Amino acid sequence: AQSVAQPEDQVNVAEGNPLTVKCTYSVSGNPYLFWYVQYPNRGLQFLLKYITGDNLVKGSYGFEAEFNKSQTSFHLKKPSALVSDSALYFCAVSDYFGSGTKLNVKP
Amino acid sequence: SAVISQKPSRDICQRGTSLTIQCQVDSQVTMMFWYRQQPGQSLTLIATANQGSEATYESGFVIDKFPISRPNLTFSTLTVSNMSPEDSSIYLCSVAKGAETYEQYFGPGTRLTVT
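Protein chains in written order, with the numbering used here: chain A, 1 to 107; chain B, 1 to 115.
For the record, the hints were derived by calculation from the structure and aren't laboratory data. Every value quoted in this text rests on a predicted model; they were computed, and no experiment measured them. Note that the Cβ used here is the ideal one computed from N, Cα and C, for glycine as well. Mixed in with the good hints, there may be bad ones.
[Said to hold, decoys possible] List of simulated lysine to aspartate or glutamate pairs, EDC-like, C-alpha gap at most 20 angstroms:
1. A:Lys-69 with A:Asp-85
2. B:Lys-97 with B:Glu-86
3. A:Lys-58 with B:Glu-103
4. B:Lys-97 with B:Asp-26
5. A:Lys-49 with B:Glu-103
6. A:Lys-77 with A:Glu-8
7. A:Lys-22 with A:Glu-64
8. A:Lys-69 with A:Asp-9
9. B:Lys-97 with A:Glu-8
[As the list claims (entries may be wrong)] Per label pair, the in silico range of CB-to-CB distance:
10. B:Ser-5 with A:Gly-62: 36 to 44 angstroms
11. B:Val-62 with A:Lys-106: 26 to 34 angstroms
12. A:Asn-55 with B:Ile-63: 25 to 33 angstroms
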């Protein structure tokens, strides 16, 4: 069985500060891990994925995620947050989605 | 990536009726998915629609309530049958680029309200 957890309903950061959105997973076998973003009144967009290879994955809009097998985590990160990053972020394992984390970036 | 369109974009329906949602992709894809999402909440996978075989439904979803067609590699439909207010939701179609990776691209969604 596969599952994914996003422990934070909401994350608040100031513009220019680094951000982290947390995700942990449970899967048998090799995990296919994804991050998606949903901007207000817009559709879901693919951000990045981890299938194999380097543990640090770079994606769209300056986001990156670090795969940690021992901690079964796949946290989303960005060195310097923008107000325009404010959105709903979903972690996914294959076709199963986490509960979502609302990111608020304040000017 | 893939360009995905859905029809209708929104609808208001009476309970007991049925609505068929169409999903069109601009390229051939192996896997198509149907999700349900309450606004601002997570996505719940309804079923996986594969061309040439019956859809695979997730726990809690049945074919009689959510029949799916997949006549070719660029098109699928989801019907919400005998609707009740609890079916009010956003229904999303997505496609996977590559049969193994589940990297998905989503349609704009169909906002359904059942009165």
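Hints and how they fare:
1. As the CA atoms of Lys-69 of chain A and Asp-85 of chain A are separated by approximately 27 angstroms, the hinted pair breaks the 20 angstroms bound.
2. This hinted pair does not check out: Lys-97 of chain B and Glu-86 of chain B have alpha carbons roughly 32 angstroms apart, beyond 20 angstroms.
3. Between Lys-58 of chain A and Glu-103 of chain B, the direct Cα distance comes to roughly 15 angstroms. Compliance with the 20 angstroms bound is thereby established for this hinted pair.
4. Restraint check: the Cα-Cα separation between Lys-97 of chain B and Asp-26 of chain B comes to about 12 angstroms, which is no more than 20 angstroms; the hinted pair holds.
5. With a C-alpha separation of about 7 angstroms, the suggested pairing of Lys-49 of chain A with Glu-103 of chain B holds against the 20 angstroms cut-off.
6. This hinted pair checks out: Lys-77 of chain A and Glu-8 of chain A have alpha carbons roughly 14 angstroms apart, not beyond 20 angstroms.
7. The suggested pairing of Lys-22 of chain A with Glu-64 of chain A holds, with an alpha-carbon distance near 12 angstroms, which does not exceed 20 angstroms.
8. Restraint check for Lys-69 of chain A and Asp-9 of chain A: not satisfied, since their Cα atoms lie roughly 23 angstroms apart, outside the 20 angstroms limit.
9. For the proposed pair Lys-97 of chain B and Glu-8 of chain A, the alpha carbon gap of about 29 angstroms is over 20 angstroms, so the pair is violated.
10. Checking the proposed 36 to 44 angstroms range against Ser-5 of chain B and Gly-62 of chain A shows it is violated: the Cβ atoms sit about 29 angstroms from each other.
11. As the Cβ distance of Val-62 of chain B to Lys-106 of chain A is approximately 45 angstroms, the hint placing it in 26 to 34 angstroms is violated.
12. The given range of 25 to 33 angstroms is broken by Asn-55 of chain A and Ile-63 of chain B, whose C-beta atoms sit roughly 41 angstroms from each other.
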